[in-house]
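**Q** Sequence:
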Amino acid sequence: MINGLANAYNDTRRKVVPPEEIAANREERRRLIASNVAGVNAPAIADLDAQYDQYRARNVAVMNAYVSWTRSALSDLPRWREPPQIYRGG
1 MINGLANAYN DTRRKVVPPE EIAANREERR RLIASNVAGV NAPAIADLDA
51 QYDQYRARNV AVMNAYVSWT RSALSDLPRW REPPQIYRGG
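Using the UniProt record's numbering, the first residue of the sequence shown is number 1, and each one after it goes up by one.
Simulated from the structure, these hints should not be mistaken for lab results.
Careful, some of the hints might be misleading.
What the hints assert, rightly or not - Using C-beta positions, here's what the derived DEER-type ranges look like:
(1) S68 to A34: 15 to 25 Å
(2) A23 to A65: 22 to 32 Å
(3) A24 to A73: 49 to 59 Å
(4) R79 to G4: 11 to 21 Å
(5) R13 to D49: 17 to 27 Å
(6) P83 to R56: 24 to 34 Å
(7) Q51 to I86: 51 to 61 Å
(8) A50 to L77: 57 to 67 Å
(9) E28 to D76: 22 to 32 Å
(10) A50 to D11: 24 to 34 Å
(11) G39 to R13: 11 to 21 Å
Note that the Cβ used here is the ideal one computed from N, Cα and C, for glycine as well.
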């Protein structure tokens, strides 16, 4: 169980778009916007936005799969037993 959860976590980390890649995309977009004289950079900005949307869609799909797998795995664990009732003498 624990190994399966650890493997799911590691697999998910491998599949998501690295934060550095997302940050580089957004930084390049900011740079292009700052130098966008007469709309010359508009196609490149649109390409970066499309790439960013793909990153988001990929990360959502990967995280949804991770949540589904871990919920299923954790639901197989035995349920906690109720603690015994504590009575105070009186």
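**Q** Which numbered conditions among the earlier hints are violated in the structure presented, ordered from lowest to highest?
**A** Violated hints (numbers, rising): 1, 3, 6, 8, 9 and 11; every other hint is consistent with the structure.
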